[in-house]
Structures are given as C-alpha cells and as structure tokens.
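Student: Here are the chains, one letter per residue:
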Amino acid sequence: MTPTSGETPRLEIRGLRKYFAASGVLAVDDVSLEVGAGEVVALIGENGTGKTTLMNLLFGVHQPDAGEVFIDGARADISSQQDAISHGLGMVHQHFELVPSFTVAQNVLLGREPSRRGFYDDAAAERQVAALIADSNLDLDPHRRVADLPVGAQQRVEILKALAADARLLILDEPTAVLTPAEADDLVAMVRRLAATGRSVVFISHKLPEVQAVADRIVVMRRGRVVGDVARGGASDAELARLMVGRDVLLTAEPGDGTAGDTLLEVAGAMASPSADGSTGLADVGLSVRAGEIVGIAGVSGNGQDELVEAVAGLRRLEAGRISVAGIELTGSSPAAMRAAGVAHIAADRMHVGLNLQATLEENAVSTSFRSRRFSRAGIIRRRARRQFAEQVIADYEVRGAAPARVVESLSGGNLQKIVVGRELSGNPRVVLANQPTRGLDVGSIEFVHRALSKARSEGSAVLLVSAELDEVLALADRIAVMYDGKLLGPFDRSEMDRERVGQLMAGGVEKNL
Amino acid sequence: MDRDSIERTLRRIGLPVAAAVVALAIGGVLVATLGQSPFAAAQTVIQAGFSCDPGYCNVGGSLTLAAPIILCALGAVVALRTGLFSIGQEGQYALGGLAAAVVGHGILLPAGIHPIVSLAAAAAVGAIWGLIPAVLKIFLGVNELIITIVLNAIAGLLVDFLVNYPLRAEASTVGYTHVVEETARLPLFDISTKFGLGFVIAIVAVIGVWFFLSRTTAGYEQRMSGEATLFARYSGMSSTGSVLRAGLLGGALAGIGGGVQVLGVNYRVIEGFSDGTGFTGLTAAILGGTTAIGAAIAGVLYAGITVGAVNGLQIVLGVPREIGSTVLALMIVLIALQAPLLTRLERWLDRRRANRRHDALAETTAGKEASA
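Just so you know, the sequences run in chain order V and S.
Those letters in the first sequence? Residues -4 to 509, by my numbering.
Those letters in the second sequence? Residues 3 to 374, by my numbering.
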C-alpha cells in the first residue's frame, strides 16, 4: 500500500546528497524517498549505486551534505548509530553481529538486559523475548544457543534484536545472500508477516524474483539517483533490469552450439572428507568436461561443490579417485602444477582467495603468470609488460574506477570479479573452473561474466560452472549435473532438464526415469 | 599523481614524521622539567649527533652506529613483509657477530677476501637462526613471535657462554674473544669515529632489499604470500617456500648487521654483545613503515638521537641519556596510536562539516522566514 496523501509516512527522505571528496564520487545525488507504515519497499540497483551509502546516511555512519530525514513526520538529525536506533530504525547487516555462545534471549537483549538485584535475570529475559517472538510472528526458541542455529534462524535473531529496540522501520541489507532457497522463501513470508504488524521494511537486494515477491513498492537506484519507483507488479524483471543498468540486459545467455570436442577434464571416483561444518565432502564423484562445452553443477551450497572444485584446482587432496587434464593424470598435484596444465580457477571467495585486496591491480592481474617470459626476465619483473596487461584487462573487462598501480581494495564486488575473470580467462585455459562466479554481483556484472564464460567455451575451453543460482546453470550450461549430499547426479543434457526437474534433484529427490 | 596516491604518500611519510616531531616535543618537555632549556638540548643533540667539523665528525659516529641498526631493520622488513612475524633480529645479530669474530680470528686469508668470508659466515649463522622459527611455524604450527622471543634469549646467553668459556681470549673479569685479524677488518674512512665500509654495506643492502621486494619476481611472490596467504596458494605460489625464504633472508641480514659491528667497530665479541641493537632495528623498521628506504632513514635518526643523547645531553648538559631512548620509544607508541586516532579525527571532521552546513541551512531558512 502506497501511503495516501493524508497519511504521514514512517520515513521520508528529502533531497539527500553525499559527495565523497577523497574518491571524488557523488554517491548519493538528491535522493527523495518515502516509506509508509506497514509498507515493504525494495531498494534495488547495481553495486556501487549508493544503496549502502544511503543507508549509512540514515544510520549516522556518514553525514549528508544536504537534505533532510523525517521519521513519523518529525525531523530527525541522526549523527550516530545510537541516534538511529532511538529514532526507531533497525538494521540487519549481511554479516551478523551475534555472540555465538549466548542464547537467543541473551543476544536479543544484549545491552538492555533485565536485572534483579544487580544480577542478570534469565527468567525475565526469556519471558520478554518469548513475548516479542509471539508479537512479531517470528519462529524462534529463546533458550537455544545461537551457535547451534542455522543461518536463517540467526538472521531472525538479528531481526528480533532490532525489534527489541522498538524498531519501527527495519532495513535488511541483502538478507537472502546468505540463505538457502528454502530459507529465502521463509524470509519473504516473514517480512510480509512483519509488515502486517505495522512495521515498515526496506529490503535491499539484487535478486529480482524475490524483490517482486516481497515488496509493495520497488525503488530502483542508478549512479546515486532514484531512477524508478514502481508498485508491485508494475514492472517485469526485464524492465527492472533495464532501469538498473540503463540499457537492455541479456538475462538469459545463449547455450552453445553443442559441438564439444575432446575430453579435457576427467574426474573419477573422487572421495573427500568435508571441509567445513555443514558440508558433505565427496562421495564417489565422476565427471568429464569436453572442450567447447559448459557443464553446470547446480545444488545448494555445501553439498560438495567446493571440495570438487578445490580438488581439481590442486588445493585439496582427494582420499581416493583420479583427476586428469587433457588425458594426463594429475591426481594430487599442486595448484602450480594444475595451473601449468591449463586449469584456470575463478574462486568462490574473491575477497580472500581470488584477489589480494592490499595489492595493486597489476600485481593481482599477474599472480598466476608472473614467472612467464611475458612478465619476467631473469627474475626481474617486466613492469611495462605488466602495466600493459593490466590496462588491457581494465579495458577489455570494463573495470570501472581502476588504475593499474592502484590498490584494488576500494573497488566494488563486480569490478573485483572482472579482474579475477580477466586474469583467469587470459591465455586460453584448457579447463575453466568457475565456482559461484556471479555471487553477490549486480545485473550488469553478471551479464559480463556470463558473456566471458560463453566466450571461453566458444574458444575451446572446457568450463565447469558451479552455481547455487539455478537460472544461471540453466542459462549457460550444455550439460547439467546436480550435487546433493556429496554425490553427483548427472550430468544430463540441457534438453532433458527443466527447472522442476533440477529443483527436485537439488532438494534430494531421486528421479526414477533417468 | 592522482588524489589516491598523494594521500597514500602523505600518510606513509607524513605520519612517521609527525610521530617523530611530537615525540621530540615531549622529550623537550622532559628536558625542561630537569631545568634545562629544551632548545639548548635540541641544539646539543643535533650538534653531538649530526654535525661534522674538520676536526671531529659527529655524524660519522652516528652513521657508524646506524649501520648495524639498518641491517637489523632490513631483516625485520623482509620477515614482516613476507609473512613471518619474526622479532628475532636480536638473536640473529648476536650470533652473526660471533660468527664473524670466529672466522675473522681463526682463519688466515688475504685482506680483500677475509671480510667477505667473515661476513658470509655471519650471514649464514644469522640465516640458520632465522630459519628455526620458520621451520617450527611450518611443520609444527608454532607461533613465530613466541619462538623468536625465546630464541633471542637463548642466543644472547649462548654468546655470553661461548665468549666466557670455549672462545675466551685471556683471563680477565669480563669474557671476550680474540681480536680479529687486521685482514678481516672493514676499511675505515674516518679513524676517530670508525666510519667506514660498514655503513656502505648497509646502504647497499637497503637498495638490494628495495629492489628485491619491488622489482623481482621472487620478491613479488614473497609479498603476495605475506599479505594474502590463501591468494598466493590459489595462484600457484608455495607458501611454505616463502616462509622459509623470509626466515633465511631476514636472518642473514640481521646476521650481517652483527658482522659489520664486529669487523668494523668492536673487532671482537665481549660478553653482553646482545645489547638491544636488533630490537632497535625492529623498531626502526616499524617507524619506517616496514619499507627498506623508511627503515634506513629511521635507522639513521635512531642512531643520531642515541649518539646525541649520550655525547650531547649527558656529557655537555648533564641530562640523563635515557631521555634519548625515551623519545625513541615514544615514537613507536605514537606510530601505534595513529591508526585509531586518525579514524576518530576523520569522523569528527566529517560530523563538524555536516553540522556547519546544517547551521548555515537553518540560518538561511530562518532569514527567509523573518523576511516573509
């Protein structure tokens, strides 16, 4: 429900502006926005369009250069996070700020614990939190330790924390980025229930389908400005994507022409133990990828995908099984040997694994090839060649805001990933491992990565694409496999697979007529 | 230069300079509490630490003292920048010095070759001592910080034991080794201050370390492994290799520092040779922003202030020379304080700017209302 003209909006932003002198970026440019009581407003836009800055302005992290904020009709001067909270704003970040060893109740009341004679009053705390849970329709047990809860429930604890501080407006910053599809569906339902209790929600996201499901109104930002404000159902995914990017976006990539060549990657009987809590390891996984094809692996994260990719990249030893590249067995080889055999690897974690954020772009661009003749002579770096290569990556991959000699730390996620992709796909790799290559990226960058992977395929690379985004796998892959509980189901020809069938396999349903 | 790199350079150079200035000012206040004029004290320190007359060149003495400090600082720079958080320069310095004394006395070689062989021995022993924490870190996962603290104590006591018993030159109250042969001594440019080849070696090492870290593929690999271990491994670099090289190279540099001190100044090792030179080098490395050039500048500053405090403050003004080491320690404290203080300052400035803008806005609106 859009606020009617007579009603006072819960939040009103008028003409907010923020210029960062240090980077010369006008991050928020004359933004005005209203959120009504009980309304869910989705805020969407590419990375680096000012969504986060806007929220930081609301939260007193930055001070606006111009503009005003009104909450329930009263002007609010917010100079710190405490101010924001006392004005009834609540924020749930992507990364939770919880004490794992505390119970749900202890976490929710952190900083305002009930006490009796100077001691923490456990019974009162749990009573208060139980009442809050009942009032807000959240599904939680106040006695449970946070460390024992799944991610989705931990997120509900964060939301409850904000509600305990009497938040009338909740800001959720990319809340589904850390959730499984089922948890994300639950979250959407929960946000709707919260709105029904009269609380307002700002839902920041990249993912158009969930935005369409959750929001009463969708506000689109581009380059610091609001470029669209549409009611639910008022615009299609394609229309929203065009608003975000400013041009038509290819939401579905073209599949290949189906002419695959020799087998370049072969994995047989791979066994591995789990790498992290909640992961499954590998149970007898076999797979082959041929030149000129993309084999997509769908599945919920943590079902063995990381273990498989890391084994092929040389980063993990298998307990049993064989890996060969272009017919040469390389089981148990080092990352250097795998790379020498022509295996490129777009790592799932670009912040810690794929890049060195403290290093410059040119240093990052040559990390896998710095010993080659092209970039070194007698142990000395050929700086001009390195600089030229970095400039070429910036130009070819449209890395914005970058310079070869500048530290990459301040670049947005999409631009960071372009550096990784540019480095990994240079030099015609035989095998490309792409693990969650578009996670957390904006629509424009996703399109870019998809084009780059398609190009690698048409140039004869064997591409193994691992993604938790079912649509990505369906759009790009020539053959599709599903990982569930450490086992690989498939691969099946793209033509045999549709959403329902893959979804069923992802959820662990074994199909009969395969 | 774009705005980014100007800001980075300012931070890199401006902040250590600011720390040095503030520490010197506090030192001045301390001098004032002792009843002496801070300006006279400053003049005395500069005179005693950095001046040069035809008769006696004080700055030569400072540079002589700076040579081992710079070499230890380079050892720290190499280790810290490349992923081995070693503070073991003190022990590497002590054992390197002893190795130079032993080879300088025990072997007969021609003049041109003898110092080279002696310094090579110092480098080798320092490197071995530096390798120990690297090996323990890689194979047993032991924290290198703790190990190097312990290894420093072991090295200091080992040197004292060796110069008192197996290597003792003659019966006296203090143990010391034989004097090194004339052939092993480093050439001097100025006899009175012992300013000689040692400082030149230190400067060559500064250029070498700078070149290694910023221009060679091996140095690049070291830095990447030190800054981002997972990234280095993913890219195909060997993280164990880089930790081992960091230990070896850092140890060799600090070991040469000990060798330069013995072959250029002391000519033998006396009990108590482990006198904190390695630690001073470590702090100079930190003050210099863990860069080779910065470490060299900080090393000269340290040496000058130390010499100035001893020969100037203490002898001329009768002010305790500990004021000098207090100022040096304050510089480190101020460097450590800078990061958190800067963040606060930036936020405060940000807020003030916003408030002022808000006030101006309110005034104009109020003015409009009044006129209306």
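What the hints contain is simulated information worked out from the structure, not anything from laboratory work.
Each hint should be verified, as a subset may be incorrect.
[As the list claims (entries may be wrong)] A few chain S residues that face chain V, going by a derived Cβ cut-off under 8 Å, partial list only:
#1 41
#2 44
#3 59
#4 218
#5 229
#6 230
#7 233
#8 242
#9 243
#10 246
#11 270
Computed from a predicted structure; not experimentally measured.
Don't be surprised by glycine CBs; every beta carbon is placed ideally from N, CA and C.
Student: All hints, please: hold or fail.
Tutor: Verification of the supplied hints:
A hinted interface residue such as residue 41 of chain S counts as satisfied when its beta carbon comes closer than 8 Å to some beta carbon of chain V; here the least separation is about 38 Å, so the hint is violated. Interface restraint check for residue 44 of chain S: the shortest CB-CB distance to chain V comes to about 36 Å, outside 8 Å, so the restraint is violated. Taken as an interface hint, residue 59 of chain S does not check out: its beta carbon lies about 38 Å from the nearest beta carbon of chain V, beyond 8 Å. The restraint placing residue 218 of chain S at the interface with chain V holds, with a minimum CB-CB distance near 5 Å, inside the 8 Å limit.
Hint status for residue 229 of chain S: holds, given a least beta-carbon distance of 5 Å to chain V, under 8 Å. At its closest, the beta carbon of residue 230 of chain S sits 4 Å from a beta carbon of chain V; the interface hint therefore holds under the 8 Å criterion. About 5 Å separates the beta-carbon of residue 233 of chain S from the nearest beta-carbon of chain V, less than 8 Å, and the hint is met. Annotation: residue 242 of chain S was flagged as interfacial toward chain V, and the flag is violated, the nearest CB pair being 11 Å apart, outside 8 Å.
Given hint, residue 243 of chain S at the interface with chain V, is violated; its Cβ is 10 Å from that chain's nearest Cβ, farther than 8 Å. The interface hint given for residue 246 of chain S is broken, as the beta carbon of that residue sits about 16 Å from the closest beta carbon of chain V, more than 8 Å. A cut of 8 Å between beta carbons decides the hint on residue 270 of chain S: the least distance to chain V is about 39 Å, and the hint is violated.
Checked against the numbered hints given earlier, the structure breaks hints 1, 2, 3, 8, 9, 10 and 11 and satisfies all the rest.
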